[in-house]
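A.B. asks: For reference, the chains in residue letters:
Protein chains: 2
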Amino acid sequence: MSLKHSILALLSRESKTGYDLSRDAENSTRFFWSATHQQVYKDLSRLEEEGLVHHQAIEQNEKPDKKAYSITKTGMKELKHWMRQPSEPKPSKDEFLIKLFVGDLVSSEILLEDLLRQKDLHLSKRERYLEIERKYFKDRKTLSTPQRFRHLTLRRGILSETAWLSWCDEVESFLRQQQNLA
Amino acid sequence: MSLKHSILALLSRESKTGYDLSRDAENSTRFFWSATHQQVYKDLSRLEEEGLVHHQAIEQNEKPDKKAYSITKTGMKELKHWMRQPSEPKPSKDEFLIKLFVGDLVSSEILLEDLLRQKDLHLSKRERYLEIERKYFKDRKTLSTPQRFRHLTLRRGILSETAWLSWCDEVESFLRQQQNLA
DNA sequence: CGCCCCATGTAAGCAGTTACATGATTAC
DNA sequence: GTAATCATGTAACTGCTTACATGGGGCG
Numbered sequence: 001m002s003l004k005h006s007i008l009a010l011l012s013r014e015s016k017t018g019y020d021l022s023r024d025a026e027n028s029t030r031f032f033w034s035a036t037h038q039q040v041y042k043d044l045s046r047l048e049e050e051g052l053v054h055h056q057a058i059e060q061n062e063k064p065d066k067k068a069y070s071i072t073k074t075g076m077k078e079l080k081h082w083m084r085q086p087s088e089p090k091p092s093k094d095e096f097l098i099k100l101f102v103g104d105l106v107s108s109e110i111l112l113e114d115l116l117r118q119k120d121l122h123l124s125k126r127e128r129y130l131e132i133e134r135k136y137f138k139d140r141k142t143l144s145t146p147q148r149f150r151h152l153t154l155r156r157g158i159l160s161e162t163a164w165l166s167w168c169d170e171v172e173s174f175l176r177q178q179q180n181l182a
Numbered sequence: 001m002s003l004k005h006s007i008l009a010l011l012s013r014e015s016k017t018g019y020d021l022s023r024d025a026e027n028s029t030r031f032f033w034s035a036t037h038q039q040v041y042k043d044l045s046r047l048e049e050e051g052l053v054h055h056q057a058i059e060q061n062e063k064p065d066k067k068a069y070s071i072t073k074t075g076m077k078e079l080k081h082w083m084r085q086p087s088e089p090k091p092s093k094d095e096f097l098i099k100l101f102v103g104d105l106v107s108s109e110i111l112l113e114d115l116l117r118q119k120d121l122h123l124s125k126r127e128r129y130l131e132i133e134r135k136y137f138k139d140r141k142t143l144s145t146p147q148r149f150r151h152l153t154l155r156r157g158i159l160s161e162t163a164w165l166s167w168c169d170e171v172e173s174f175l176r177q178q179q180n181l182a
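Taken in sequence, the protein lines are chains R and S. One point on numbering: in the working numbering, the residue at position 176 of the first sequence is 176, and numbering is uninterrupted. One point on numbering: in the working numbering, the residue at position 118 of the second sequence is 118, and numbering is uninterrupted.
Don't read these hints as lab results, they were simulated from the structure. Fair warning: there could be bad hints in the mix.
[To be verified] Once the Cα atoms are required to be at most 25 Å apart in a straight line, the calculated BS3-like pairs of lysine-lysine come out as:
no., chain 1, residue 1, chain 2, residue 2
1, S, K80, S, K93
2, S, K90, R, K42
3, S, K42, R, K90
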């Protein structure tokens, strides 16, 4: 359900092609929604059937033709209606936590290796987010309201990665301790 | 994929019925894996077909009969094999972040209401986790290795909720500011 | 010569949710 | 009496992933 509303949300700002939307999902908005291009195209078709978006074919030379999708009035109404509904937090699933839950079944070396890989990922994600913050949201006073909203979603990414990193540190020191005992 | 491995992980400690596993998913392990009872029963059947678990029928009077599932040797081998594979972090999806991304489309009152509901949820979750920590993991020195691993998964829950709460505070102060402007 | 970017999709399948179904016992 | 706990499942459906498919242009 929420992928459809993500698309509506992104189209509420400007027209985009399915390709654009897929790239958004891979880059800027990846920390709160993600999607493959296949899913995006599927949902765009369905949204169009439902009259929530419509597209305009754009012919290009030297590049493939494309379809610029925009949100309709009905789509805008639906988006706002959805925004007024209370949000349900989805329980997160994390396979590394399952592994750690029964961590005594394998050697700490293996878990440590896996952990350090993840720590690295979280570190670089946070770095990327902090760079975006420095670049686009440096001076909070001068930001427009829409910009401040977008900044808050970025803040969520930063705080989330920071929390992951503190946790990784706790796990790392425990696993290293285990290694020394063995 | 990971639900099947969650079941194997839980069964690696002790035999459980589908009902038990469903309740685990609702209570103790909810913050890293969740499942409905229907999904659990479905996966148990499949795991049994694949020879990774097997069950023993237990007749009860005054209560419905039940099936006690245990992990097999093959299941144990598969679990350990899975644990040695690098973990892929799943991108999280959060509908409230989508709403906030285009937050200027509705009034701040509505968003604030939604936010405060979520803050409450995170607060009570964290309180519940902290209580468990105080009750079962107070004195770290005396904990067994399996207990320390379980404690680390709980720590993840605590740090995650704490991060959510800091973020909620940031959003709250912004939304209240917006309200005063209007 | 192969790989990445642009741009769109179909088809098959897996994972998970929601609705429906049964039925006895215990607690308020 | 009505709700909760114990205990198991089937059926229909949605959401999402993975594999497959096409095809020109630019870069090294």
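A.B. asks: Evaluate each hint against the coordinates.
C.D. replies: Hint check results:
1. Distance restraint check for S/K80 and S/K93: the Cα-Cα separation of roughly 29 Å exceeds the 25 Å cut-off, and the hinted pair is therefore not satisfied.
2. Annotation: proposed proximity of S/K90 to R/K42 holds, straight-line Cα distance about 22 Å (limit 25 Å).
3. With a CA separation close to 22 Å, the supplied pair S/K42 and R/K90 stays within the 25 Å bound.
Of the numbered hints given earlier, the model fails hint 1 alone.
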